[in-house]
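Those protein sequences? They're chains A and B, same order as listed. Quick note, the first sequence lines up with residues 470 to 538 if you use the numbering used here. Quick note, the second sequence lines up with residues 55 to 248 if you use the numbering used here.
What the hints contain is simulated information worked out from the structure, not anything from laboratory work. A portion of the hints provided could be inaccurate.
Derived, one-sided and incomplete: chain B residues facing chain A with beta-carbon distance under 10 angstroms [as the list claims (entries may be wrong)]:
1) L63
2) A98
3) A103
4) Y104
5) T105
6) G112
7) Y142
8) L143
Straight line, CA to CA, 25 angstroms or less: simulated BS3-like cross-link-like pairs of lysine-lysine [stated by the list, open to error]:
9) A:K525 with B:K108
10) A:K496 with A:K521
11) B:K108 with A:K489
12) A:K515 with A:K525
13) A:K515 with A:K496
14) A:K489 with A:K525
Restraint-style ranges between C-beta atoms, simulated for each label pair [as the list claims (entries may be wrong)]:
15) A:A506 with B:A78: 43 to 53 angstroms
16) B:R70 with A:D487: 24 to 34 angstroms
17) B:G82 with A:R508: 44 to 54 angstroms
18) A:F535 with B:R70: 25 to 35 angstroms
19) A:G511 with B:A78: 38 to 48 angstroms
20) B:S163 with A:R508: 47 to 57 angstroms
21) B:E159 with A:R508: 38 to 48 angstroms
22) A:R509 with B:S163: 44 to 54 angstroms
23) B:L157 with A:K496: 22 to 32 angstroms
24) A:A506 with B:D132: 33 to 43 angstroms
Beta carbons are placed, not taken as given, at the ideal position from N, Cα and C, and that holds for glycine.
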Amino acid sequence: MARPVKKANRPCDDPRLDYKDLETLSKYLTPQGQIHARRRTGYCSKCQRELKQAIKRARHMGLLPFVSS
Amino acid sequence: MNLYEGMFLLDNNVVREDWNEAKATATGILEKHGASVTTARRWAERSLAYTIQKRNRGTYLLVHFEADPANISIMRRDLELNETVMRYLILTCDGVPEGEAELHEAELSADFSVPEPPEDHVVDSDEEEESEEGEGATEEASEEAPAADAPAEEAKAEETPEAEEAKTEEAEAPAEEAAETSEEQTEEKSSEEA
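The shape of chain A in the complex, shown without the other chains (with noise of 0.2 angstroms):
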């Protein structure tokens, strides 16, 4: 049986996602600090773009794991 996923809906006017904004961040991360899936975010293309690009800079910046065990 399909497991039931939990969906994030987030309105694509919301205000941009922040490589600062660690909290909402680190929601969308496995317990590996891998990125959720977009089945998973639920977000649309443009915003899962976003997601990525803001969690990717805060790992530059060593302020999210690239992997976490």
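Keeping the supplied structure of chain A fixed, place chain B upon it in accordance with the hints.
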């Protein structure tokens, strides 16, 4: 001239000697190449998500500045060469966020003093173990949440087949009763005819 937002990760060894000096190295590089700094403030002192240049903690400086786009690449080169600046991120931005100017001025005032770093964190290599413990604690917390969800989902999955069986049993039972009653009725009818 464009407005930029810059985030700089500064070496804690320099920051703990003198915060203003560390700040001046970053803003100095910007101003050297014709940038005018609008706001510059201490953003946070944090433990890093992974080791950078053998450091497990660092101080972040958030700067908003106006600069000529042609000079940004030269600034980047200087920042790469500087040892105090461990990482940097320069982005264009539409405007200085609200409250940023006040925080900048609060830092310039005489009352401002750099908050003391936590006692259990020193940037020396001997203290690496302690910072790893701190990271471990946050990881455990993040792992707990999905783990709590998973058993609940499994429980739901287990319940559903049983529930279906119960339904089918219920459905069969009334059908049998109906068949019995219909037989009784036919028997009654046949007796009446006789």
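Could you work out which of the previously given hints the structure breaks and list their numbers from low to high?
No numbers; nothing is violated.
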